[in-house]
Every structure is written in C-alpha cells, then in structure tokens.
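J.: As given, the protein sequences belong to chains A and B, one line each in that order.
So the mapping is simple: our numbering equals the position in the first sequence, first residue as 1, plus 20.
So the mapping is simple: our numbering equals the position in the second sequence, first residue as 1, plus 24.
Keep in mind that the hints were calculated from the coordinates and are not lab data.
It is possible that part of the hints are untrue.
Said to hold, decoys possible - Computed footprint of chain B on chain A, listed as stretches where at least three residues anywhere in the stretch have a Cβ under 8 Å from a Cβ of chain B:
1) 98 to 106
2) 176 to 183
To be verified - Beta-carbon label-pair distances, calculated as ranges:
3) L136/A to G160/B: 32 to 42 Å
4) R209/A to D52/B: 46 to 56 Å
5) L64/A to E161/B: 17 to 27 Å
6) Y153/A to D191/B: 32 to 42 Å
7) G160/B to L64/A: 48 to 58 Å
8) R143/A to A448/B: 36 to 46 Å
Yeah, the Cβ is synthetic: ideal placement off N, Cα and C, and Gly gets one too.
This is what each chain is made of:
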Amino acid sequence: MNGITSSTALWYTSRATGVVALLLLTAVMVLGILISRQGRLPGLPRFGATSLHRSVSLLAVAFVALHVATAILDPFVTIGIAAAVVPFASHYEGFWLGLGAISLDLMAALIVTSLLRGRIGRRTWRVVHWLAYLTWPVAFAHSIGSATDMQRGGLLYLGVACAVAVAAALAWRVTAARRAVPPGQRPARVLAEATAGRRLERDRRARAGAGAR
Amino acid sequence: MSVDYLAAAPPAPITGLPRLIPADPATDHSLAGHLARLGPVPHRGDPRRLIGVVEAAGLTGRGGAAFPVHRKLAAVAGQARDRRRAVVVANGAEGEPASGKDAALLWGAPHLVLDGLQLAAQATGATEAFLYVHRGEELSRRLLGALRQRSAAGLDRVEVEFVQAPDVFLAGEESALVSWINGGPARPAFKQPAVYERGVAGLPTLVQNVETLAHLGLIARFGADWFRAAGTPAEPGTMLVTVHRADGTRYITETGLGTPLSALLPDELAGPADGRIRGGVQAVLAGGYHGAWLAPRQAAGLALSNASLRPAGAFAGAGVLAALPPGRCGLAETARVGRYLALESAGQCGPCFNGLPHIAGALDELAGPRPRRQALADVQRWAGLVTGRGACHHPDGFARFVRSALTVFRAELNAHASGRCTAADHTPFLPVPAVTAGS
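So that you can see chain B by itself, here it is in the shape it has in the complex (with noise of 0.2 Å):
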C-alpha cells in the first residue's frame, strides 16, 4: 500500500456512516465547502498507483455489476498507453426505476463525485471525461455549475463534458452509454470489440457508475484499510441503497455490505427471536427490477451482499429493496414491472423483443382471474428460453425477476386458478414510468 500517495490525506478522516453523502441537511455542497470537509484529492507520485491502492481496498463497481475496479482501471490504463488517449464515463444513468441513490448522491456530494472522475482519468491516463445523468433540470443545473466552480478554481487536469441521458431502462447500460455518447440511439452492442479497447470516440474508455467514483474519491484520501473498515472481508466497503418500505415510503441510506436485510427493513423483517415474522411483509424484492422476490422468512435471514443473496437467487445489484406489504397482488405487480421491461427491450435482439412482451401477455393472463394452465407453462418455458440470449443482460434479469415471483407467489397463482385474488389493495405499490415508445 502506497503511504505517500495519501500523505496528503486531511487530517480527520470520516469515521462511521455515513462516508458518502454527508448526513447534515445545512452541509454546504459547494466547492469550498466539499475540500474543508475532506480536503484536496492527493496528487503525489504516479497516479497509477492508485490502481494498487484500489486493488487493496477491493473496491467493486456499484452500478450493479460489482466488478472489480482495479481490473477495469488497469486495462483501460494498458491500452491508453498504446493509444496515448482514453475517456473516463461517471455513469449517472439511473434507469432502473426502483432507484434513486446515484440522483441522491449526486445532489448531495457532487465534488466527491467529480473528485473520483479525476482519480480515474488520472489513474488512466485518459484525455477527455463525461458526466453522463439523466435525472431532472435543477439537478443538471446543480451540477453544471459544480462543474463550473472546478474549472474556475483550476482544480482539474481533464476537463468534464456534461452529456444528459436519454430517459430509458437500458440508458446507463455500458455500451449503450457508449453508442449514446457517440451520437447513436442508447442501446446495448455486442461487446466485441469490448469497451475498455474501443468505446466513446473509438478510444479506451472506462465506464463506472458515479456511486463507485464516490468510494473511489474517498479510498485516494484516506487508503484502503480505511475502506475496508466497513463491509466484509469479501465484499469490502459501504453501498447506497433504496429501500422501499411496506408503508409505501422510500429511504436512501448508506450501509456496510453484510447488513442484515432485518436491519434494512426492522419493520418488516425483524421479528422476535423464535424466527416468525411479524406478518408486516409478503414478498421482498432484492436487487431491483433485475433482482429477485424473497420470501420474508428467507429474506430475513439474509444479508445485503453477493455472497449471502446469490445462493439466494438474488444479488446486491444497485441496492434496490423493496418490501411488498400484505394485501397486495404480487402477480398483479410482477406483470406491471414485467410489462414496463417487456416494453424497455431496446427491441435488437428476437429473442428479447419477441420473448419479453410475450411472457409479459402471459404474466397479465396469470395476474386476472382464472388463467389458463398454459399461461404459467408458457412463462416457465419462455423465461428458459430467453436467458443469455442478448446483447445485454436485459432478457436474464428480467427472467431472473419472473421466475422469482412464479415460486414466491406460489399460494397467489393457486388462488387465482380458482378465480379469487388475496389482494384486497389494487392500487400500483412498485415505482414504473410510463413508457415512450419508439425511444
């Protein structure tokens, strides 16, 4: 671990949670303000021995994925040497609905941000950086003018061009970012050649959601063990997450992976100690709209990281939980997110425009009164069908959702074979745009 590169480091280093957004409603976002919080980003030595210093804190990209930065930055830095150029993406592209902690964090720590995007142009060698967002004009005009604070103060070796995402799904999917920024429609590609070797412009480019910049920031002034004081061994350090409760109302907190879901939803979850619920939740939904339903007995006994939700069936994705109270139609919500998705195909590959919105139909039949047998036989069989069939993840999350929802609404699916439906609310408790077509 490289000590000199944070000797810059300012002398109080935060401790506890939160690390990224800072906790007070009166804290001053501007530029002056940010650098007397955390002082300035350390500029010692090769800046690629960030990489190193990333590669200990075992930062994981925070957009979903949770692949290992260090790997991302060092191939974009090997071929930006052969290349002597490269760009550097802070994807701010939230298209998952069920989201709102890049637009929180954002607002709230816009330096933090654009302090890590120079930490990787640097630690890249990359020439030319985006701002790639799509949420709302304040927040475009907040951070349009953090970007005019740096550049006024000099504080930045590469300079930031502000790109607005187009309001789809599929918006802050890698190349679709790319194709995007590049001047054509926002849809995944093939990923030959990948991204790291021929991205925005033809150049290297490394792509990395703004959460993980954040940490990135924060990890370059106070070192990895720092970053490791939080989460476990194997999955280090804190993540944003969106918590939607039973109650209809919506949190954005910051937690070490490893948390319990019961600490995230102690409502819900947390029942006494002989391992029964309370009855406050149906069904949780972890990993967002790619993710997967949870029964409460199962979700309470698992924690917010990969290595305690993928055996699950689920993952930590972008920090997405959503508890379904009881009363509610859990077919009837699955076939509304199903629908929303179906319709976010970016309609290139068949086996996702076609398969989609045909197990979406199918979901809507099962979701009414008396379906027919077929209908579930059609949606297993479709789900199998269209997994790994895609340019992007898109069709395997979404059969990923859809096969989660036919085991835990198992007692729903019987109950609407008989014609009744145990919902006695109908009104919409999942957060779906409405849809643009032809975008």
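The shape of chain A in the complex, shown without the other chains (with noise of 0.2 Å):
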C-alpha cells in the first residue's frame, strides 16, 4: 500500500477519522468530568464548559459516523453493517471490532438519552450518562487494538497521552468528591471565610493607614 489511490482512499480516511474521532471523544470524556462536579475552565462561564461539551460530542459523534460508515464501505476487508452495531459478529478482527460496535452502542444510547431528557427525566438521564465512564474506555481499547499503527510511533505517543489526560480527569474528580462540602455546612463555610478575609482587608488597611502616618 503505497499512496492514497482510490482503491485506498476509503481505507485511509477511516483511519483518520478514527484517530480524529479518539481525540475528541477524549476531549469529551474530560469536560464531561469536569463538569459532573462543576468545574470550571479558565477564561469560560459555567455554561461555557457545558455548552462545549454539547459540541464537542456532537463534533465526535460526526467524526465516529464517518468512521463506521468508511470502514463498512471500504472494499479492501469485508464488514458487514450488521458487524458495525452488533457486537463480534464480523470475521475480520472479531474482538476489537466487536468493542468498537459495542462502543457505538452505548454512544447511541448517550446521546438518544440527552436528546431526550427533557422527556425521560433527569434521574434517568443520569443513571444512563453513568455507562460514558464504560464507554470511552472501549473505544480506547478498540483503538488500540484494531489499529496496527496505533500501537507504535506518533500514534501511540497520541494514544497514551489520551489515556493519561482521561485519567489526570478522573482522578481530579475523585479528589473533588472527597473534598466537598456536604449541603448543609456549605453556608457556615462560605460565612467562615468572608469574614475571616474581611477581617483580613480591614488589618492590612490599618496597617497601611498607621505606616501612611
């Protein structure tokens, strides 16, 4: 295989928009952690970290679609449609495309819940949203091992580094846990640290005030 002909143009761009597709759902798998403990990006509103999630996922979700559809069209090995939604049912590379339809699976069912939660409830929405956590490492397997050259060189480097950002996520969302504040203390910590920096302010002004002197 030497060059892009159009015998493997089909093959390449599914390669690509997988690799593509892998960055984003990455990218979407950190915000969406940030956000269920209501953290913040720098320079962006609250909803701003929400909104771009939204994108970002529908932006994946496009990539992933051009991915599938590519490799099912894709003359060079044989994947049925059925193989690409129902898990291990294709000859070629049975395990780690089977991951990959699963991992099409619970995105659809992602995505068709938030589509819907206006309707199913947000309880519901959220127990469903809890399988995002068993979703992105699927895929991430699936990419690593369907992929040959995802396992050596620059891809790999991008393979790790989507791990590691994924990870650096959750672990900070553990910490966050752990840290906060339950409901009804919340109040008195708030007051605690106004007045303890307004007393702070007052000091430093008094000081300034007598050195002025």
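Make one complex out of these two single chains by using the hints.
T.: Printed below as a string of structure tokens:
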C-alpha cells in the first residue's frame, strides 16, 4: 500500500477519522468529568464548559459516523452493517471490532437519552450517562487493538496522551468529590471565609493607614 | 353558595373575635368540648362543593404566601380524580423564629385544625393525611392525644399521621416538607413537577398551613358570608399575628385583614392627631425575617394587608410584626438576623449559599465601627444578584429584609461611618435561635 489511490482512499479515511474521533471523545470525556463536579475552564463561564461538552460530543459523533461508514464501505476488508452495531459479529478482527460495535451502541444510548432528557427525566438520564465511563475505555481499547499503526510511533504517543488525560481528569474528580462540602455545611464555610477575608482586609488597611501617618 | 352544605351548622356562629383560639383560659380543649362549642363538621352532599364555598369566602393561605386556597384545592382534586389517590398535609412547621401563632393555634384549637385537615382531604379526595409540626415535646403529646381522641370517636374518614419536622428555618417550605416526609433532607426543590402533581410518595399533595385549615373548619360550618364579615373585600377574613412590642414583650392575637398597624402597636405607632409619632419606636419589621423594615412614620399609615404593605415593599406574610425600640442598633439587629438566615440556607443553590453568607459578612462590617465604604456597595450589589436565583424564595426574602434595613437605618449607617453607634443598649432584641450547622 503506497499512497492514497481510489481503492485505498476509504481505508485511509476510516483510519484518519478514527484517530480524530478518539481525540474528540477524549475531549468529551474530560469535559464531562469536569462538569460533573461543577469544575470550570479558565476564561469560560460555568455554562460554557457545559455547552462545549455538548458541541464537542456532536462533532465527535460526526467523526464516529464517518469512521464507521467508511469502514463498512471500504472494499479492502468486508465489515457488514450488522457487524458495525452487533458486537463480535465480524469475521475480520472479530474481538477488536466487537469492542467498536459495543462503544457505538453505548454512544447511541448516551446521545438518545441526552436528546430526550426533558422527557425521560434527569434521574434516568443520569443513570444512563454513567455509561460514559464504560464507553470511553471500550472505544479506547478498540482503537489500540484494531489499529496496528496505533501500537507504535507517534500514534502510540497520542493514544497514551489520551489515556493520561482521562486518568488525570478522573483523579481530579475523585479528589474533588472527597473534598466536597456537604450542603448543610456550605453556608457556614462560606461565612467563615467571608468574615476572615473582611478582617484581613481591614487589618491590612489599618496597617497601611498607620504606615502613611 | 351552597346553603344545604352548611345546614348542619351549629345554632350559634362565633360572633366577633377571636374566631380561632378561644379566649377563655378555662376552655375545654378536648374533642367533646370542641364539638360542644362549634358543633360537628357538616358532611352533606358532594364534599367537593366545599371548594366553591372557599372560593366565595376568598380564603388565602396563612403560611405567608397568601395563595388562594380554592385554587390549590381544585388543582389537587383534579389530579386526585385521575390518580384515585392524593395526600393532604397540615403544615405547622413554624420555622420563622419571630412567629409563634401556629404553635399557639395548635395548642389552643387543635381540633379545629384537624377538622380543616379532614375537610381538605374530603374536598380533594385525598386518601392520606399528615400533621407536620416541630414545636416541643409537650405540644406533640397534646396533638397525639387529640388524634387518639378522634380515632376513638371514629370521627375521621382519613387517618392522620403525625410527623415531627426538623428544626430548620426552611422546614415549612412546601417542597422541603415533601422531601422530609418522603424520607429525604428537608431541602427545597425546584418545582418541576409541582407538589400538587407529585408530592408525598409521588402522589398529588395539598400542603396548607395549620391556620388556613382552621379557617377552613370554620368556613365549612358558618359559610362564606360569615367569613367575609371580617377583613377587607379584597383580602377577607382574619389572621393570627405575632406582635413584638417595643418593650420586649410579645403577644399573639387574631385580627381582621386591613387592621391598621397602629392598632396592633398602639403604644408605638398611635401618635397624636397631627401625625407625629410618639417616639416610642425606631422602626417596625413587617412580614417577619423575609419581610421589610418600615420607618415609624410610614408604618403608622399602613394596615395589615398586602394591598397596603406591598407598595411599601413589605407584606403581611405569616403575620409577624416587630417594633424596634429606640436606643437599639437596627444595623446590628439586621446583621444578627442576616447571619442566622444565611446559615439557614439549605446549601443547594450557589447564589444562596455563596451570596447570603457574603452579604452577612458585609452586614457584620456595617454593624461595626467605621465600615469601609465598599461594604455598603457590596451589600447593595449582592442583594440584587441573589434575588430570584434560588429553588425557593429564601434569597429573595433575605434580600428584601436586608435592603429595607439600608433604607430605614440610613442615619445609623452614617453614624457608623464616622465611628459612632447611636445605640445605648446592645442586647439582642429580635429572637434568633442558635443554628445547628450541618443539619
């Protein structure tokens, strides 16, 4: 296989969109984890992170769709439409493509419930949305396992970077959850901080005033 | 109006006041005594016709929001028709520390409240009823005794379950109450779906203040016209009020809506005919800790009704009036109550649990000597930022209370700015309970 020809174009497109989809899904995952603990991105209001999470997930969906469609259409290997959605139905790379099918199904569940969030209620949506923590690792495993070119060189570093980003976000989430103040203690905590802040400021000004004299 | 519904009314309707709590200290508060005094609750015809009588009477909620009772009754009745089950709750959780009228009513007329609860259950088609109260062991024992008497007499169609409310300011907020009865924390929720659709156990739920139910018990007996004999045409009937006099004493009474504030605080507000005030009061707090401070001159011209108080930025609320005597610091009082209210935030909504404590901190500075000019600007700006930003109206009421203080106590603010406080007496005046953090 040397260079892109009409017969290899779909193959390369499928590979390329797959890599971009992994990057975007990683971004979606990191943003989602951030939002779940009401974290903020520098320079963005809190709702900014939420809408970024939504927009990037829609972009990721587009790349995943392209990735799957080109893989099915590519004549080089035969992957039926069925194998794209039914896990482990493919003869070619059965296990690794099966993981791809699973993550595709999970993603579909996440998207459909998010679009219907107003109807199904927040609680149901939330339970289904926890599946995201399963979706990303499965999609990641599919990327590494089915693409030999992701197992070395620059793409390997890219894969590792994605994994590190998600792991770091998870670690931050766990620490943030552990540090979270229960609702009943929040007002007292804020009041203590506010009062201490005012006292400090007054003392500082008093000292500055004394110094000026 | 359904006359036959009221045919079982006793021969002698109560004339004059009080209507709700018998004035005679020797009153027999047992079920027998209650029935001998007022007669049985009429049970004629379709119980839902009571909703029409309540509409004609113009009864509104006495828990503070003054929402028309017939609309709530009709909403829950409509839901109950579809679901075949519903819940009614008598709300006696009087979280407002300055109010004592619900406890006084439950003590002095328990069976009238329970009559109203049964009537509300019948009018809505409810199958379960709760009595939700958080005052003292002794009152609980008395109410449980009253419930036992009624079930022994086979009087009630719907059994009443007694629930002890937690000791927090927001315990009586409708959605917090529902959450608590459902086994959750007593924290307000966003009203979607509304409590009348999905409340206790997911059933359509009617929550009414105990005083509202007591009025219902009387309206069912004596009719809408009788109820309207007191009050104003727009705001008919009577309400219980808790009045804190400038001399530090407190009294609870029943009065018609539209009663001049000067009649409730005669020593403080009823001045000579030329409109000057005697000087026995520095400011009047109307509507409790979610209400507003009024200057005495202004208060003397106002009456206990929303029509009169709303234009002045206050409201009748749950009927709390407090007269701050001269020689006390209004800013210190406001800061103390503000701190309490801030700590009573449920800690759910960011604007509330961040904003209120920050405002309380700034108020504390204003109450002290030589506050920075920034502190006043902070309070004004933040009070605007928290209003309308919570699941419940706690931040709104807090902001209303605080802002009114900045207007009414402007002279005191100026004094503090130059390092003086005009108050001679620094002992706390308004009642504020100790806050149990983490509840």
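J.: Would you pick out the hints that fail for this structure and give their numbers low to high?
T.: 1, 2, 3, 5 and 8
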